[in-house]
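Asker: For the record, the sequence lines run as chains R and Z. Anchor point for the first sequence: position 51 equals 51 in the UniProt record's numbering, and the numbering is continuous, going up by one each time. Anchor point for the second sequence: position 118 equals 118 in the UniProt record's numbering, and the numbering is continuous, going up by one each time.
Derived by calculation from the structure, the hints in this document are not laboratory data. The model shown is predicted, which means the values in this text are computed figures rather than measured ones. Heads up, a few of these hints could be off.
Any copy, or any two copies together, can satisfy a pair, since identical chains are not distinguished.
Here are the simulated DSSO-like pairs of lysine-lysine, each with C-alpha atoms no more than 30 Å apart in a straight line [unchecked claim]:
{"id": "1", "residue 1": "Lys37", "residue 2": "Lys58"}
{"id": "2", "residue 1": "Lys37", "residue 2": "Lys104"}
{"id": "3", "residue 1": "Lys58", "residue 2": "Lys104"}
{"id": "4", "residue 1": "Lys37", "residue 2": "Lys56"}
2 protein chains.
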Amino acid sequence: MPASPIGPELQRLIDLLAKMPGFGPRSAKRAALYLLKKREPVMRPLAFALDDAANKVKACSVCGNWDSIDPCAVCADIDRDNTVLCVVQDVADLWALERAGAHKGRYHVLGGLLSPLDGVGPDDLNMGALIARVTGGAITEVVLALPSTVDGQTTAHYLTEHLENGTVTVTRLSQGVPVGGELDYLDEGTLAAAMRSRRPF
Amino acid sequence: MPASPIGPELQRLIDLLAKMPGFGPRSAKRAALYLLKKREPVMRPLAFALDDAANKVKACSVCGNWDSIDPCAVCADIDRDNTVLCVVQDVADLWALERAGAHKGRYHVLGGLLSPLDGVGPDDLNMGALIARVTGGAITEVVLALPSTVDGQTTAHYLTEHLENGTVTVTRLSQGVPVGGELDYLDEGTLAAAMRSRRPF
Chain R
1 MPASPIGPEL
11 QRLIDLLAKM
21 PGFGPRSAKR
31 AALYLLKKRE
41 PVMRPLAFAL
51 DDAANKVKAC
61 SVCGNWDSID
71 PCAVCADIDR
81 DNTVLCVVQD
91 VADLWALERA
101 GAHKGRYHVL
111 GGLLSPLDGV
121 GPDDLNMGAL
131 IARVTGGAIT
141 EVVLALPSTV
151 DGQTTAHYLT
161 EHLENGTVTV
171 TRLSQGVPVG
181 GELDYLDEGT
191 LAAAMRSRRP
201 F
Chain Z
1 MPASPIGPEL
11 QRLIDLLAKM
21 PGFGPRSAKR
31 AALYLLKKRE
41 PVMRPLAFAL
51 DDAANKVKAC
61 SVCGNWDSID
71 PCAVCADIDR
81 DNTVLCVVQD
91 VADLWALERA
101 GAHKGRYHVL
111 GGLLSPLDGV
121 GPDDLNMGAL
131 IARVTGGAIT
141 EVVLALPSTV
151 DGQTTAHYLT
161 EHLENGTVTV
171 TRLSQGVPVG
181 GELDYLDEGT
191 LAAAMRSRRP
201 F
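Can you make the complete structure from the sequences, with help from the hints?
Answerer: Written as C-alpha cells, this is what we have:
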C-alpha cells in the first residue's frame with residue numbers, strides 16, 4: 001500500500017467537508033482544493049465565520065429561531081402582527097416563509113415533529129413554550145405550516161387539540177397545485193386534495 | 001422592508017459557504033443549518049481544520065503537490081520509480097491518478113496549462129523546475145497526463161519540444177480520455193487503461 005498523496009490535515013478537512021449535506025468524498029476533495037487556492041479571500045474567513053457563528057448563534061428563547069440576538073430579529077420586530085402565530089417544524093421553514101413574504105405575524109419553531117414510531121413525544125419538542133405562548137397572549141390564530149407527512153399530520157392533530165379554544169382558531173396551509181406546476185407531474189394525493197378543495201374562479 | 005430573519009453572523013457564514021463549488025445560496029443555507037445542529041461534532045472541528053490546513057498545507061517544492069510536509073508524501077516515498085515522471089495540470093489530477101493506482105513513478109504539477117489566448121505563458125506555470133528536473137536527473141520517461149483540450153495539446157507540444165532528447169522519451173495518455181474531458185471527473189478504469197496504453201507523443 002503506497003503512502004496516500006493526501007496528508008492528514010487535508011484528509012481531515014476533506015472528511016469534515018464530506019459530512020455536509022449535498023457533499024460526498026469527491027466533491028469534498030474539489031471543495032478542499034478550491035479553498036486552498038482561495039486561502040485569504042474564502043478559506044480563512046470561512047474558518048472564522050464557522051467559529052463565530054458556533055459561538056454567537058443561539059436559539060431564540062421566544063420562538064426558537066436561530067440568531068445572535070435574543071429575542072431574535074423576527075421576535076424583536078415591532079411591526080409584525082402579534083395576533084397570528086405560525087408554527088413551523090424547523091428554522092429552514094421559517095426562512096422559506098420569510099423569503100416568500102408569506103407571513104407578517106410571529107413564528108414558533110417546534111424543532112421537529114411528533115413521531116410515535118421514533119419515540120419523539122411532546123416533551124422532546126419546543127411545545128410547552130408554544131402552549132404557554134398561545135394560552136397566555138394576544139394570539140387569535142395559529143397557522144400550522146407543517147409538512148404533509150404522517151408525522152406532520154400527527155403533530156397538527158395534537159396541536160389542534162391543545163391549542164384551539166374559544167379565542168384561538170387553528171388553521172393550516174392549503175393543499176393544492178403548486179404555482180407554475182404541471183398537473184401531469186403531480187402525485188395523485190395532491191391532485192385529489194386540490195380537486196376536493198376547489199374554489200370558485 | 002422587514003428585518004431579515006437571518007442575523008449578520010449567519011448571513012456571512014451562508015455567503016461564504018455559497019462560494020464553494022457545487023453550492024448555491026439555498027444549499028448554503030441548508031449547510032449552515034446542518035452545521036449549527038452539529039456544532040461540536042462537525043462545525044467547530046471544520047473551523048479548526050480549515051484554519052489548520054490553511055496554515056500547514058503548502059505546495060511541495062519538488063513536484064507542486066499540496067501537503068503539510070515538504071517534500072510531499074509522494075516525493076518522499078522511496079518505493080516509487082524515479083525514472084518515470086508524470087506531468088499533470090493540477091493537484092486534483094494527481095489525486096485522481098493516485099486513486100486509480102495508475103502510476104507508480106513521480107509527479108510534476110504544472111499548476112495550469114499554456115493558454116496564449118488567456119495570456120498564460122511558460123513563466124506563469126511550474127515549468128522551469130520541470131525542465132531542470134528532467135534534464136538533471138534519472139528520468140527516462142515523461143508521461144504527459146494533460147487534458148485533451150486545445151490548451152492541453154498546446155502544453156503537451158511545448159513540453160515535448162523542450163524535454164525530449166536522446167535519453168528522455170515523452171509519452172502521453174492514450175486516447176480513451178474523452179475529448180474535452182477533465183481527468184478529475186474520469187472513472188478509475190478509464191484512467192488506468194489510458195495509463196497502460198500510453199504512446200510516444
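Asker: All hints are to be evaluated individually against the structure, with a verdict given for each.
Answerer: Tested hints:
no., hint, result
1, Lys37 / Lys58, "between (32 Å within a copy, 11 Å between copies)"
2, Lys37 / Lys104, "between (43 Å within a copy, 27 Å between copies)"
3, Lys58 / Lys104, "within (23 Å within a copy, 51 Å between copies)"
4, Lys37 / Lys56, "both (28 Å within a copy, 14 Å between copies)"
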